[in-house]
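Student: So the chains spell out like this:
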Amino acid sequence: MHVPGEVKERAEKARDKKALYGTDVDLKSYESKAEAHQEVAKPEDLPADVKKAALDVGVSLDKESSGAYVQMDQSPVIAESTYEGVEVMDIATALEKYDWLQDYWWKLVAPDADKYTADVAQSPPAGYFLRAKAGAKTVFPIKSCLYLGSTNLNQRVHNVIIAEEGSELHVITGCTTPAHVQRGLHIGVSEFFIKKNAKVSFTMIHSWGQEVEVRPRTGIVMEEGSSLSNNYILLRPVKTIQTFPTCSLNGKGAVASFNTVIYSTMGNIDVGSNVFLNAPDTSAESISRVVSVGGDVIARGRMTGKVPGARAHLECVGLLLSDNGRIYSIPELDGQSRDLDMSHEAAVGRISEEELDYLMARGLTSDEATSVIVRGFLDVEIKGLPEELKQEIKNITQREDLKGA
Amino acid sequence: MEVVRLLDIRNLYVSIGDKQVLKDVNLRVGSGETHALFGPNGTGKTTLLNAIMGLPRYEVDSGSILFKGQDITRMSMDQRARLGIGMAFQRPPAIRGLKLKDLIKIINPGADGGRILKQMDFENFANRDVNRGFSGGEVKRSEMVQLLAQQPDFTMLDEPDSGVDLENIKLIGEAIDILTQKDTRPSARIKSGIIITHFGHILDYMKTDRAHVMLGGSVVCSGDPKEILEQIKANGYEGCVACMCPAK
Ligand SMILES: Nc1ncnc2c1ncn2[C@@H]1O[C@H](COP(=O)(O)OP(=O)(O)OP(=O)(O)O)[C@@H](O)[C@H]1O
Ligand SMILES: [Mg+2]
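Here the protein sequences line up with chains A and B, keeping their order.
The opening residue of the first sequence carries number 1 in the working numbering; numbering runs sequentially from there.
The opening residue of the second sequence carries number 1 in the working numbering; numbering runs sequentially from there.
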């Protein structure tokens, strides 16, 4: 049995431990106390700002869903399930209600991994607890919005997601700041437990401000026959972001797919996934599309194959549209067994002149043609998502304001 | 007095990189006319159409291209397209993430995409990325679909029949006739076209008024399409060199 005191102790020792990747954030320059926000009874009662911001990251809280979770700064303001097969709670309440949750708490992300996890471990828990019960199959996604609404705040979130055996769970999370928030930090710890034959899609859309720093820390375990479609979309300016979720495919036949879509205009964006194929017949793919008109993007992908028969594919494609940008693609394959099938594909380039000419010959201006090509490039085909979510993602990646150079 | 031709190319010299491909090309296409352009591989046919379209790498060394009485020699491609020039590419690229039905809307928001796709028996491709994974013949129909949406006044067709099966050649021929208003009486026609073909079979399904032969980067011979085609079939392109029909 786990002792909560031990987590704090380990965290304390990692207080100043820098992360392996990404720029270093001065935690002391952010406020750790947030003003409390009132709970609301239903999503319609949320402040208009929050509803608008949520919509901007694809979280339409009024549309059909299996549940909703909204957190403003450090306060959970709504946590409701609208489908009996799933539980949606704020994590503090869930920890009180379920003793067994301790078996999941800080099990996939180490409290002493770095100063960011340490910081979360040392603050009161806030975040969501999502659980699809055994055999429960949701069609509509659980919609959640993590809203950083106060300037200079260090928003700390710790989420636990459990998909019990044979369940199906779809989650869309939008993380966002309103325009008036000049500066802020968001640290999000997420632990995913995907059990036997469960099917999960998790779509995360980030929309931050120009002075916001972001450090998500994610751990995922997958059991036999389970599947995961993990999608990350970042299209708006951000100061720095660094994340490198770890996913372990521990059960036979587990399948994971990571899709990343980034439109970079500024800042330092360091993202990727770290996948371990630990069981026979597992397969994983990681596909990232990056368009840069400015800023530094590091697109990582690491696959470690540990048993015969594992299959892994990495794809990092970048379109660099400006001299002010940089796309640094780092695909890594680590084969540790015979009979593996692991491959990667990486390309960084500019827009094809041939395609541009073709569209201009049809009467599109150079800008229009560029924008059409860029939007097409960002339109990744994501498997394993319900139609509605696919459309939601499409709406976001196909926005008119992504004009290219 | 000189009549204003829809397209009037005068003493055109065009280079690609260091290589001069077109040498003193003269070509006139009047309103309502459809011309055919023949010539062996590598003789400059595609180069001529690309230069008329205004593709950036085709450098006009001297001479001029007049369209609707305007000198378009230095005009950008999209301006030329908006002025009424359209082209079916010999080898069009694929565009990832752009659905054919969406491109139709972009080309012409007023176009009846459904009807056009049906006309080209191409409805199953509406939701596919433009030209991506299309077969050789399908790519040609995709080009026709786009031109039918665009409705250019001057349609340039670069081998619209290559790789196309017999049934679809008929379909493409008919589409070209529609684009060039062959359904109206000759004096009422305004739209014009030019087609490059190696086989001439497609000419059985569409009307052409005049044909030209290109050799070594110049138009060397012009005349009745059927006659010229028969000459080429009988004597090859060498026959064209020997023949002294005027290229005007
Ligand atoms: N981008 C290029 N760089 C160098 N040479 C080129 C380029 N494009 C065309 N050429 C050359 O210009 C000449 C004319 O080419 P063009 O494509 O116009 O021929 P064509 O008459 O259309 O031939 P085909 O019947 O084979 O289509 C050829 O010798 C070709 O190799
Ligand atoms: Mg050619």
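Worth flagging that the hints you see were computed from the coordinates, not collected in a lab.
One or more hints might be untrue.
Said to hold, decoys possible - Quick list of simulated restraints, FRET-style, between CB atoms:
#: 1; chain 1: B; residue 1: His198; chain 2: A; residue 2: Lys390; range: 28 to 34 Å
#: 2; chain 1: A; residue 1: Arg399; chain 2: B; residue 2: Gly216; range: 46 to 52 Å
#: 3; chain 1: A; residue 1: Gly135; chain 2: B; residue 2: Lys118; range: 19 to 25 Å
#: 4; chain 1: A; residue 1: Asp367; chain 2: B; residue 2: Lys23; range: 32 to 38 Å
#: 5; chain 1: A; residue 1: Ala346; chain 2: B; residue 2: Gly216; range: 42 to 48 Å
#: 6; chain 1: B; residue 1: Asp112; chain 2: A; residue 2: Asp367; range: 33 to 39 Å
#: 7; chain 1: B; residue 1: Arg185; chain 2: A; residue 2: Asn324; range: 55 to 61 Å
#: 8; chain 1: A; residue 1: Arg399; chain 2: B; residue 2: Asp112; range: 26 to 32 Å
#: 9; chain 1: B; residue 1: Asp112; chain 2: A; residue 2: Pro280; range: 19 to 25 Å
For each residue, glycine too, the CB sits at the ideal point set by N, CA and C.
Student: For every hint, state whether the structure bears it out.
Tutor: How the hints compare with the structure:
no.	hint	result
1	B:His198 / A:Lys390: 28 to 34 Å	44 Å, violated
2	A:Arg399 / B:Gly216: 46 to 52 Å	51 Å, holds
3	A:Gly135 / B:Lys118: 19 to 25 Å	46 Å, violated
4	A:Asp367 / B:Lys23: 32 to 38 Å	36 Å, holds
5	A:Ala346 / B:Gly216: 42 to 48 Å	44 Å, holds
6	B:Asp112 / A:Asp367: 33 to 39 Å	27 Å, violated
7	B:Arg185 / A:Asn324: 55 to 61 Å	59 Å, holds
8	A:Arg399 / B:Asp112: 26 to 32 Å	27 Å, holds
9	B:Asp112 / A:Pro280: 19 to 25 Å	54 Å, violated
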